[in-house]
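Novice: Take these sequences, add in the hints, and give me the full structure.
In the working numbering, the protein residues as written are 18 to 359.
Honestly, the hints are just simulated from the structure, not real lab data. Ideal Cβ placement from N, Cα and C applies to all residues, glycine included. Just so you know, not all the hints are guaranteed correct.
Stated by the list, open to error - The calculated BS3-like cross-link candidates involving lysine-lysine, where the alpha carbons are at most 25 angstroms apart (straight line), are:
(1) K82 to K97
(2) K75 to K219
(3) K89 to K101
(4) K89 to K219
(5) K216 to K155
(6) K101 to K261
(7) K75 to K155
Unchecked claim - Simulated restraints, written as ranges between beta carbons of each label pair:
(8) I151 to L71: 32 to 40 angstroms
(9) V243 to G198: 18 to 26 angstroms
(10) K216 to D264: 38 to 46 angstroms
(11) F242 to I151: 32 to 40 angstroms
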Amino acid sequence: TSLDIIYSISLRSKHAYSKHILHFGDSNLNSTIVIHPLLQCFYSEIVKTIIVLLLFYKQNTLSFKLTWAAIKNEIIFNPKETIKLIVPGVLYSIQNNIIFIALSNLDAATFQITYQLKILTTSLISIWILGTHINKTKWVALITLMAGVILVQISQHKINEEKATESTEDSHEKSWLIGLGCVLFACISSPFAGVYYEKLVKTGAQCSIVIRNLQLAIFSLTFGFVGVLIEEGTNFFRPGHQFKNFDAIVWAIILIQGTGGLTVAAVVKYTDNIQKDLVIEEKFLIGGVLDVVYSWNYHLIPTFYSLNKGFLQLRNIDFEESLSYSLDAWESILQPLRITVP
Numbered sequence: 018t019s020l021d022i023i024y025s026i027s028l029r030s031k032h033a034y035s036k037h038i039l040h041f042g043d044s045n046l047n048s049t050i051v052i053h054p055l056l057q058c059f060y061s062e063i064v065k066t067i068i069v070l071l072l073f074y075k076q077n078t079l080s081f082k083l084t085w086a087a088i089k090n091e092i093i094f095n096p097k098e099t100i101k102l103i104v105p106g107v108l109y110s111i112q113n114n115i116i117f118i119a120l121s122n123l124d125a126a127t128f129q130i131t132y133q134l135k136i137l138t139t140s141l142i143s144i145w146i147l148g149t150h151i152n153k154t155k156w157v158a159l160i161t162l163m164a165g166v167i168l169v170q171i172s173q174h175k176i177n178e179e180k181a182t183e184s185t186e187d188s189h190e191k192s193w194l195i196g197l198g199c200v201l202f203a204c205i206s207s208p209f210a211g212v213y214y215e216k217l218v219k220t221g222a223q224c225s226i227v228i229r230n231l232q233l234a235i236f237s238l239t240f241g242f243v244g245v246l247i248e249e250g251t252n253f254f255r256p257g258h259q260f261k262n263f264d265a266i267v268w269a270i271i272l273i274q275g276t277g278g279l280t281v282a283a284v285v286k287y288t289d290n291i292q293k294d295l296v297i298e299e300k301f302l303i304g305g306v307l308d309v310v311y312s313w314n315y316h317l318i319p320t321f322y323s324l325n326k327g328f329l330q331l332r333n334i335d336f337e338e339s340l341s342y343s344l345d346a347w348e349s350i351l352q353p354l355r356i357t358v359p
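Specialist: Right under this line is the structure:
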């Protein structure tokens with residue numbers, strides 16, 4: 018959907034920039050910033066929770082008393098519904114961190130193309146959990162998409178062999194395989210969590226996305242904080258350590274990731290995970306262009322392979338289908354507000 022496209026382009030672009038200044042817990046590297054992704058993801062969850070609480074406060078006529086009563090009735094005294102969010106809570110916490118690891122080992126364009134596999138896994142999981150029907154045309158598109166991803170990865174492997182020496186090649190291949198493994202894991206965990214969440218907000222006893230996000234925040238914050246403590250230990254509680262080395266770029270990533278989670282929740286509520294993922298090609302082309310522009314801006318030479326990846330992305334885009342899905346999504350989201358989409 019258009020909302021998810023805007024969020025995803027922003028997030029991927031910020032990730033592509035930040036991976037040049039973020040190193041994952043290795044203080045021996047000469048970097049401007051040394052921040053572990055666990056900490057960054059934890060703060061993103063805090064931002065999202067604060068926004069959800071403010072929305073819930075507004076829904077309850079700006080009354081603290083009514084808000085607290087609703088939290089007790091819907092969350093604290095309703096453990097049967099709240100505990101259902103533990104599954105996506107765990108998966109989202111893991112996924113947020115492995116995406117950072119993947120982006121530190123892959124260039125943005127390769128990450129984006131490989132991440133298209135999520136469209137196929139989302140469809141399969143939707144059929145399994147929701148009983149979704151997918152027509153033959155979409156199956157052909159999904160299979161073609163898989164073939165394109167495989168070809169891109171084969172090309173990357175050949176490029177690495179040609180450009181690297183034997184010793185440096187082993188190191189690069191290890192890094193590349195780690196990144197690829199993280200992306201593949203995200204292609205399974207993210208759709209499962211998304212479809213599971215979609216089932217809860219559409220067929221569960223409590224269908225409010227605000228309440229569901231508050232329930233989700235309980236587990237996301239808990240597992241996120243545990244991960245931070247495991248990584249940072251008692252250093253986390255030292256004065257000033259919580260925000261050490263944070264700059265405007267890091268805060269931008271945190272804000273984008275925090276607010277984007279709510280955007281995705283709204284998209285899933287009013288459309289579905291398959292429809293959301295099928296328009297993902299729109300952001301891939303823009304992401305590929307941004308990756309090349311970023312390389313030029315930082316005096317990096319975009320290779321023929323990186324330009325060829327952009328061409329492959331362009332060929333895989335069905336603009337008519339993407340536009341149709343985008344308009345359908347906007348129509349579904351804006352219909353409750355009685356706003357007509359032209």
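Novice: Confirm or reject each hint.
Specialist: Against the structure, the hints come out as follows:
1. K82 to K97: holds, 24 angstroms
2. K75 to K219: holds, 23 angstroms
3. K89 to K101: holds, 17 angstroms
4. K89 to K219: holds, 22 angstroms
5. K216 to K155: Cα-Cα ~22 angstroms, so holds.
6. K101 to K261: Not satisfied, since the Cα-Cα distance of roughly 35 angstroms exceeds 25 angstroms.
7. K75 to K155: With a Cα-Cα distance of about 41 angstroms, the restraint between K75 and K155 is violated, given a limit of 25 angstroms.
8. I151 to L71: 32 to 40 angstroms: holds, 38 angstroms
9. V243 to G198: 18 to 26 angstroms: This hint holds: roughly 23 angstroms between Cβ atoms.
10. K216 to D264: 38 to 46 angstroms: With a Cβ separation near 40 angstroms, K216 and D264 satisfy 38 to 46 angstroms, so the hint holds.
11. F242 to I151: 32 to 40 angstroms: Distance hint for F242, I151 holds at roughly 39 angstroms.
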